[in-house]
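Using the sequences and the hints given, assemble the complete structure.
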Amino acid sequence: MDELKEKRTGTVAQPLPQPAVDEQLKSAFQIMTSVVNDSNRTFNSERKLDNVAIFVDYDNVYWSLMNNYSHDPDYQSEDKNLFSRLWERYGQDNVRSFRVYADFNKLRSNMTSLQKKRVQIRHVYSNGKDGDHRKNASDIELCIDAIENTYKDPSISCYVFVTADSDMIPIMSRLMYKGKRVELYYSAKNAPKHIEFKNYAHHAEDLASLLGIEEKQYDRDKLMNQILVEIKKWHDSFGTQGDLFLGLSWFKRYLINTLSTPAEIISEILEELKQKSFIVEETKVLSKGKLKGSSKNQILCSELGLAKITESEDQAQVVK
Numbered sequence: 001m002d003e004l005k006e007k008r009t010g011t012v013a014q015p016l017p018q019p020a021v022d023e024q025l026k027s028a029f030q031i032m033t034s035v036v037n038d039s040n041r042t043f044n045s046e047r048k049l050d051n052v053a054i055f056v057d058y059d060n061v062y063w064s065l066m067n068n069y070s071h072d073p074d075y076q077s078e079d080k081n082l083f084s085r086l087w088e089r090y091g092q093d094n095v096r097s098f099r100v101y102a103d104f105n106k107l108r109s110n111m112t113s114l115q116k117k118r119v120q121i122r123h124v125y126s127n128g129k130d131g132d133h134r135k136n137a138s139d140i141e142l143c144i145d146a147i148e149n150t151y152k153d154p155s156i157s158c159y160v161f162v163t164a165d166s167d168m169i170p171i172m173s174r175l176m177y178k179g180k181r182v183e184l185y186y187s188a189k190n191a192p193k194h195i196e197f198k199n200y201a202h203h204a205e206d207l208a209s210l211l212g213i214e215e216k217q218y219d220r221d222k223l224m225n226q227i228l229v230e231i232k233k234w235h236d237s238f239g240t241q242g243d244l245f246l247g248l249s250w251f252k253r254y255l256i257n258t259l260s261t262p263a264e265i266i267s268e269i270l271e272e273l274k275q276k277s278f279i280v281e282e283t284k285v286l287s288k289g290k291l292k293g294s295s296k297n298q299i300l301c302s303e304l305g306l307a308k309i310t311e312s313e314d315q316a317q318v319v320k
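Once you know that position 313 of the sequence shown is 313 in this note's numbering, the rest is easy, because the numbers rise by one and skip nothing.
Just to be clear, a hint being listed does not mean it is correct.
Here are the computed lysine to aspartate or glutamate pairs in the EDC-like style, where the Cα-Cα straight-line distance is at most 16 Å [stated by the list, open to error]:
no.	residue 1	residue 2
1	K252	E272
2	K80	E214
3	K222	D165
4	K193	D165
5	K48	D72
Taking CB as the label site, the calculated pair distances span [stated by the list, open to error]:
no.	residue 1	residue 2	range
6	R118	E313	46 to 54 Å
7	Q92	K276	48 to 56 Å
8	G179	S277	18 to 26 Å
9	N297	S209	25 to 33 Å
10	Q76	E313	32 to 40 Å
11	V285	I144	47 to 55 Å
12	I140	N105	12 to 20 Å
13	D236	L210	43 to 51 Å
14	T112	E148	26 to 34 Å
15	R174	E272	36 to 44 Å
16	M176	T112	33 to 41 Å
17	T112	S209	27 to 35 Å
These are calculated hints, taken from the structure and not from any lab test.
Note that the structure is predicted; figures quoted are calculated from it, not measured.
All C-beta atoms, glycine included, are put in the ideal place defined by N, C-alpha and C.
This is the structure we're talking about:
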């Protein structure tokens, strides 16, 4: 009996340690706070996309996409059309203003087609020159309008900028200080490599990505031969005419259309042909026409260039 009693009065098992009640409450509160904050952030982000203003520096965007990819921003297919993609992304019920700035006299763009996309055309006069010599005030006009818009329509919560370079950084910084959401679409080909655009916008994306542009690879040696052949053909047909000359600017535009190749690639190959002495520049004095007596620089094939054409033709015959 004493034995049994001894067993019953042995040491009582201690319960497992439990976290303090206040610690449990604290943990639960932290979880709830995190969920609420995440929900608020999502709500605020969505709410800021309810009133959107889009500003497109079309002068820069047009020439950047055409020169780098031979891609018209107002592309026929909607999935690669800049304006259709932006409408799709932000929604017609949310966009309050959609402005496009350019010197439309200098763009090979159909204004009627743009207007059908329900964008507001802002014609801004440039210096009247083409290509690398072009200088416009589109970006300045755009920035002034964007700042002015913050006073005229303070309900706009998201500003979207579409450009080709880093010119929009000052206006984007200003708008972020004003508590606006800022989104940017730019051309990585033209933007400075040292600038991280995500530091200046809540969302930044390359236009090539937005439009699904695949960068085509070009056979540079083949293009070199094609360009040399085009130079020779022109001089064989028109070289003796006293009022005509093969100017570099005109020839570049001709090659872009004829070879369906971006302007940047054409410029690089022409420069390479010069450096390798396959083409040379000479001065031609015009002997007739309105410019009679004036001197014009033109390009033509050198002896090395003509030899390269012959070599290429011989190789083509061997392949056949």
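task: Check each numbered hint from earlier against the structure, then list the numbers of those it violates in ascending order.
output: 3, 5, 8, 9
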